[in-house]
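Spelled out from the first residue to the last, the chains are:
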Amino acid sequence: MQATVHPLSVRILQYEVPLAPKPLARAVVAEIRSMPLALQAWLGFLLAVIAVATIAALVSIPPGWEVFGTSPSFEWGLMIVGYVVFAIMTSGLCLSSSLGTVFGIERFRPFEKRHCVLAILSLTMAFLIIALDLHYPIRMVFGAVLVPSPSSPMWWMGVFYGTYLVILLVEVWSMFTPHPKIHMYSCAAAATVAIFAPMTLGAVFGVLGAKAYFNGIWTPITMVASAFLAGTALLGIVFYAVHRFKLADWQHAASIALPSVRVLLLAGFAVVAALLVRQVAVGLGSDIRGLREATTALVAGPLAPMFWLRVMGGLFIPVMLLLLPVHRRTEAIAAASFLALAGVALDRFVFVMAGQIAPISAGAGTVSYPFASYAPSMVEITIMGGAAAIMALGYTLAERYLDMGESDTHMFLPFPWIKKHDETDEGRTHHLAEPSEPKPAAAVVVGATLGEAAARTAPAAVVTQGVES
Amino acid sequence: MKTPARIRTFWDSVRPRTRRGAFLAVFAILVGATALTAVFLVGAVMAWNPYLDYTVNRDTNAKQWAGLELSFTSSSVCAECHQTEHTRLVSATHQGIGCQSCHGPLLAHAEAGAKADSSTVDVKVPTNEVCLRCHTSAVGRPDAFRQIIPSEHYVSSCLECHDPHTGIANRPPVVLHPLEDLPPCLTCHGPEGFKARNQRHPEGSKDDNKCLECHAAGRGPAESQAPQAVTP
Amino acid sequence: MSEQQAPGGTAAEPRPTADAPADANLVPLAELAPAITAVSVSRRAFLGFGLAVAGGVAGAAALASFFPVFAEETQAASPIVPTYDPTGKQWAFVVDTSSCIGCGLCVAACKEENNIPEEPEYTRTWVERHTITTDGAMYVDSPDGGINGFPPESTAPGAAGKPVQDAYFMPRLCMQCTNSPCTAVCPVGATYKTEDGVILVDARRCIGCGYCVVACPYGARYLVPAGGRAPNDTPGVADKCTWCYHRITKGQQPACVEVCPVGARKFGDAADPNSEISKVIAEQQPQPYRPEYGTGPRVLYAGPVTQES
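Protein chains in written order, with the numbering used here: chain X, 1 to 469; chain A, 1001 to 1232; chain D, 2001 to 2309.
These are calculated hints, taken from the structure and not from any lab test. Note that CB positions come from ideal geometry on N, CA and C, so glycine has one too. Where hints are given, some of them may not hold.
[Stated by the list, open to error] Taking lysine to aspartate or glutamate pairs in the EDC-like style, the calculated list, with each CA pair at most 20 Å apart, reads:
hint : chain 1 : residue 1 : chain 2 : residue 2
1    : X       : K181      : X       : D287
2    : D       : K2089     : A       : D1059
3    : A       : K1124     : A       : E1080
4    : D       : K2250     : A       : D1181
5    : D       : K2089     : D       : D2233
6    : A       : K1063     : D       : E2153
7    : D       : K2193     : D       : E2112
8    : A       : K1210     : A       : D1181
9    : A       : K1206     : A       : D1181
10   : A       : K1124     : D       : E2112
11   : D       : K2250     : A       : E1069
12   : A       : K1063     : D       : D2272
13   : D       : K2193     : A       : E1080
14   : D       : K2162     : A       : D1143
15   : A       : K1206     : A       : E1180
16   : D       : K2250     : D       : D2269
17   : D       : K2250     : D       : D2085
18   : A       : K1115     : D       : E2153
19   : X       : K246      : X       : E399
20   : X       : K181      : X       : E293
21   : D       : K2250     : A       : E1111
[To be verified] Residues of chain X clear of chain D, computed beta-carbon distances all greater than 10 Å:
hint : residue
22   : P21
23   : E75
24   : V147
25   : V166
26   : A188
27   : I217
28   : F245
29   : P259
30   : G285
31   : R292
32   : G301
33   : L315
34   : I317
35   : G385
[As the list claims (entries may be wrong)] Derived, one-sided and incomplete: chain X residues facing chain D with beta-carbon distance under 8 Å:
hint : residue
36   : Q40
37   : P63
38   : W155
39   : A210
40   : Q356
Pulled out of the complex, with its shape left as it was, chain X reads as follows:
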């Protein structure tokens, strides 16, 4: 049957997407049916989590913010922690992959495209979470622009992360369309902002003289280090999935990407562990009002179980996994990455908790004096799960429909160690046109659907060069 191009359709990358409702629905259904069962189950699970989280988010929309567990003595809760974690994941992704994208070190180049998509998703989720936490988010847009407050680190954080979002959009756009020069400059800009943005985020906490645990110059530095660790860990998890599910350029996942992740993780662990030891040691011996109480609460008080879980499960065990001979297994690096990311998330949680746990006054709503108390509510936890699910969903779809393999359309700043492209003939100069899994032909009558396009490329794929194993 002759397939006709439906007149009302748009071309997105190499896919023809019909816009009229019925053909669009049919195309979507055909596409879903063409997915393997595991992928359908995964997407279904994510959509279920997102649905529940959407309900939770709708409940919390102003004036519904009472569903959060915050109180006057503990105003920053899980939503702020979630924002911090997603924001530093974004920065960390660009930091760790800047070694490949900006400095052109070959072994880090596999991170190139995937980090960008992950970074945009992560930053969007961070903004979504903070919009749900703020009581009047629209006012922030106007207020921050019309009345700049340069004395406020939070204002600077907004400026930097807003700029970061624009730069990331340009970077993603220039990555999937052939604009190598724009891509090079935007990667460099993103990597630069990725250093300053988490520093401003750390400064939001660091300038608070009222909260001795937050106060000081080391908080921004710790934030950057945590960012680096979180971004690298996320890349480790993703590249394990690439290796496991044989996604684009999967051969390099196990051979190049995961060992690179291991190197970066070890560097990140070293820095984060050193900073943590410094913080605890200084805090326990300090005379600054509230600092010793907060640090004691952290290591031996109400926060102790979470803190030691973070240290054991989020630092000690992953480092062991990466140092012992077991590290040659991809599963070990993946497990270490997952534990590292969970450790960073838990670490930021106990950080935000520890800063506020030593109460300033007995009357301002403290419940369990001598420690202020806070417990995340189900709404907050659900929203966090939903944000992670949206990010996972976005990334799964991106991995499926975009070409995430390395490209050769790349230019670097003229660092001395970068060879010219035609010299690095390792088979990576041409991406694989053959998809790793044959997609079933979709039986669709009307219009060219996504499935048809994919099915047609399978037999017509041309492998232009030998592929290195």
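Fit chains A and D to the given chain X structure using the hints.
Here is chains A and D on its own, set in the frame of chain X:
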């Protein structure tokens, strides 16, 4: 008018893609600015003016704060009408306490002026809680401050004995006569008796012990004096 | 199939129009381009979106320059209240912890005067009891902020049954700091200091982020909960003691000062040498509380609290 040759040469040297990009950039900026202007214009029509809200000059907001309604008045205003109570107040240990400490916010009452009546007063006769709020014995109160332990102090109503404005108690008279061979107290001191109690005295009881809780008998001649009330 | 070779060797862009042949979409992927295919729609969409965002921001900034958003704060402004002249006013607040009896009338009066939510954790002022036991430990308790007075013994955990060496009451309120961290950290500039030194919150601008609440070293701020009473009729924004700005601009005392039965709280204009507050400051030499925070608190304390470390 012919464009100068240098500009034409420059424009020709720019690639079509870059030219298109430049046009798109300018177009996008204009679209963004127009959209923002439209938002503000619509907002102005809908009486939401972000420029009033977001100007650096703060007077609008400061005026709002200064223009809030009051609930409490200044206690010195009360003396204009309530001279008696005011004199009692400033003469004794309760001096310095404003009327509103016990009677609640009185602005509405004060502003009613000549037409003020008790309907605008929240607390006409303060209950025991008002007195006990200050006078219950508690750790932290200055030693010189008069405190009682309520369970050990006769409290049915504080105002039975204490004048609220001076704070001074009419000590209940001791029994001036021996108690043997006498009928119940209420026989003489009840409403029909020849030695009736005053109006503010609490309700009598058939049980004489109740009377003796305050009017203890036989304390000795030095205390068998006339009531030690201080009349203003 | 018609293909145009654009200069620079970029990819061909088959346009998906109705009159294009159906086969136009059947070109194998590998033949279209060595790199990923560029598509006119997506590129323009990306570019336009990104630049519209940037352009919107730039446009807002450009428009803003036509309006007096950056007017100098020192412009002569119309009087807040017709009879009130803020210039030269030096409001001062002195709390005497040796006279406070912990009755909590101040807390109740503040709630009444300022339409504050009824829950006890939302309060602009509160009273603490500092109990120092014979072993040198200090216990602080503040049941419901002290609004119903205090029970006979300290309710702080661990204080029960211990012999007390010294105890006193400590009323707390916003210090209206000269170097306030709350005004510094507000990301939208919603909280500000008036000309007479009182720090207020613009409820129309506040976004409810809670940064000022966390930044206050004295715990004087809170975010107004939804529902029920709200000062300024706006829930979700930051709020704090304003020294009853609506009263002091009319020559009255703040509500807490008005109802204090023992005169532990005193308020007045220190710039006036004949005012009561000036005499109190001269006689009692009150001190700021926790000056090591460096915020320059302007509520001064006299009495046993000044002996605290």
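Checked hints:
{"no.": "1", "hint": "K181(X) - D287(X)", "result": "violated (54 Å)"}
{"no.": "2", "hint": "K2089(D) - D1059(A)", "result": "holds (17 Å)"}
{"no.": "3", "hint": "K1124(A) - E1080(A)", "result": "holds (18 Å)"}
{"no.": "4", "hint": "K2250(D) - D1181(A)", "result": "violated (68 Å)"}
{"no.": "5", "hint": "K2089(D) - D2233(D)", "result": "violated (29 Å)"}
{"no.": "6", "hint": "K1063(A) - E2153(D)", "result": "violated (44 Å)"}
{"no.": "7", "hint": "K2193(D) - E2112(D)", "result": "violated (24 Å)"}
{"no.": "8", "hint": "K1210(A) - D1181(A)", "result": "holds (18 Å)"}
{"no.": "9", "hint": "K1206(A) - D1181(A)", "result": "holds (16 Å)"}
{"no.": "10", "hint": "K1124(A) - E2112(D)", "result": "holds (17 Å)"}
{"no.": "11", "hint": "K2250(D) - E1069(A)", "result": "holds (11 Å)"}
{"no.": "12", "hint": "K1063(A) - D2272(D)", "result": "violated (24 Å)"}
{"no.": "13", "hint": "K2193(D) - E1080(A)", "result": "violated (37 Å)"}
{"no.": "14", "hint": "K2162(D) - D1143(A)", "result": "holds (19 Å)"}
{"no.": "15", "hint": "K1206(A) - E1180(A)", "result": "holds (17 Å)"}
{"no.": "16", "hint": "K2250(D) - D2269(D)", "result": "holds (13 Å)"}
{"no.": "17", "hint": "K2250(D) - D2085(D)", "result": "holds (10 Å)"}
{"no.": "18", "hint": "K1115(A) - E2153(D)", "result": "violated (46 Å)"}
{"no.": "19", "hint": "K246(X) - E399(X)", "result": "holds (11 Å)"}
{"no.": "20", "hint": "K181(X) - E293(X)", "result": "violated (53 Å)"}
{"no.": "21", "hint": "K2250(D) - E1111(A)", "result": "holds (15 Å)"}
{"no.": "22", "hint": "P21", "result": "holds (18 Å)"}
{"no.": "23", "hint": "E75", "result": "violated (4 Å)"}
{"no.": "24", "hint": "V147", "result": "violated (4 Å)"}
{"no.": "25", "hint": "V166", "result": "violated (6 Å)"}
{"no.": "26", "hint": "A188", "result": "holds (17 Å)"}
{"no.": "27", "hint": "I217", "result": "holds (16 Å)"}
{"no.": "28", "hint": "F245", "result": "holds (21 Å)"}
{"no.": "29", "hint": "P259", "result": "holds (27 Å)"}
{"no.": "30", "hint": "G285", "result": "holds (18 Å)"}
{"no.": "31", "hint": "R292", "result": "holds (14 Å)"}
{"no.": "32", "hint": "G301", "result": "holds (13 Å)"}
{"no.": "33", "hint": "L315", "result": "holds (27 Å)"}
{"no.": "34", "hint": "I317", "result": "holds (33 Å)"}
{"no.": "35", "hint": "G385", "result": "holds (23 Å)"}
{"no.": "36", "hint": "Q40", "result": "violated (25 Å)"}
{"no.": "37", "hint": "P63", "result": "holds (4 Å)"}
{"no.": "38", "hint": "W155", "result": "holds (4 Å)"}
{"no.": "39", "hint": "A210", "result": "holds (4 Å)"}
{"no.": "40", "hint": "Q356", "result": "holds (7 Å)"}
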